[in-house]
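Could you put the whole structure together from the sequences, leaning on the hints where they help?
Residue numbers (the numbering used here), protein chains in the order written: chain A, 23 to 316; chain B, 835 to 1026.
Bear in mind the hints are in silico, worked out from the structure with no lab data behind them.
Misleading hints may appear alongside valid ones.
Stated by the list, open to error - BS3-like, lysine-lysine: derived pairs with alpha carbons at most 27 Å apart:
no.	chain 1	residue 1	chain 2	residue 2
1	A	313	A	184
2	A	33	B	953
3	A	24	B	953
4	A	33	B	968
Source: prediction; values computed, not measured.
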Amino acid sequence: MKVESTFKIKKGLAEMLKGGVIMDVVNAEQALIAEKSGAAAVMALERVPADIRVEGGVARMSSVETLEEIMSTVSVPVMAKSRIGHFVEAQMLEELGIDFIDESEVLTPADDKNHINKHDIKTPFVNGATNIGEACRRIGEGAAMIRTKGEAGTGNVIEAVKHMRSMTEGINRIISSDKNQLMSLAKEYSAPFSVLEDIKKEGKLPVVNFAAGGIATPADAALMMQLGCDGVFVGSGIFKSGDPADRAEAIVIATTNFDNPSKLVEVSKNLGEAMVGLNIDDLDESEKLAKRGW
Amino acid sequence: MATGILALQGSFNDHRKSLELLDKEYVLIKDNGDLKNIDSLILPGGESTSMIKIQEESELFDSLKKLINDGIPTLGTCAGLILLAKDVLDGSVSLGLLDCVVERNAYGRQNESFEGLVKFNNNSQMYCFIRAPKIISARHNVKNVAQLDDEIVGIQENNIVGLCFHPELTNDENYLNWLNNFIVEGNNVRSF
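Shown next as structure tokens:
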């Protein structure tokens, strides 16, 4: 007897990615470099966030040909981004057999109010969140994995740190509250009550929680792991750096050995130029991707 | 003495939970220095290509191979089975210890992942198969320990057990009993 696409199976793939690095790639060639460097999965998107910032325009799901080429090139799981609320892009990614869908604020949103109802799609979803309420709302809609939003394409880790700390604070507050306080917390966070119950029962988010948005160095990855993330996404940080293959490998090893400073020093040698960073304060409010979604 | 859990990438914390439930000491293994006082070993689920890459420079796999050849009880789940197998169909690197041929992602991609009713340890229980490998063939010295319908999804050769599924995601009583018997007591598991 077999049952496909249960929530346990959706969540299960995320469990297998833990302790790993998921790398943004825009074509099969980059996907192969990522896989050879030890990526636990690759994330296909039309353009990396740093380029979306510079070039502007509408950022959409990758082309079907690119996705098919990436899927036939690597053996690790292939994730792909859909626009927030664009359930047809998600249906197409499901049809293509993509392993995980990222309903991502990095692409231009397709709906200003609603996220996708993720229960209706067989393929598991990962969603970004800036705080516990947002994470709970996405889980309520069916997300099988959460990541911090951070501020993608900046090479600046401060927002990811802020989001992770905020989520941890929220989780601790839920755990330490008594059952009588849960509904009032659900109201405060605008979050589904049942997800709060799950957090209280399990003592953590009911799904895997990765860091994303602004991670550019092995030290950034290790910082996020020490803050309690289950793994990391690296976007522009790899293919916008001087030596993508070496940097990718160093970030992978740093993620495994996040609590071992001597290993971190060793892998951080001779990596060439990191991507150029942006100060968050220099960004116009309209340029902040983390503000997309709610 | 402790059970070593390979902790390069993957579901090693779920395996840690299994051992905590059994009150068995454990060590997370990231390099050769972590291999002292190990009396048994678990290779977790995850991405085998990623694990192979991470240990490459430390040559951790050579040390693991020696330990397993010395006869300590060793369990591999999913990617762990791939690492233990003598042959992997796509030519992937492995430790080459368990006399079988496995095929990676043989059931298909994530949309084809499933929960399946497995006969394991004389009980039937639902277990998770996630982009799971298949055991294509095994030599006569290898015995079957788990079955899904007509398919063999778990095998044992002496001290080595490889499972296609993820008992660490359920940590059910049936699995924990088996694990206690195999890893803690060091007894052989029963065949069908």
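Do the hints match the structure? See the list:
1. A:313 / A:184: Distance ~14 Å between residue 313 of chain A and residue 184 of chain A Cα, so the pair holds.
2. A:33 / B:953: 23 Å, holds
3. A:24 / B:953: 13 Å, holds
4. A:33 / B:968: 21 Å, holds
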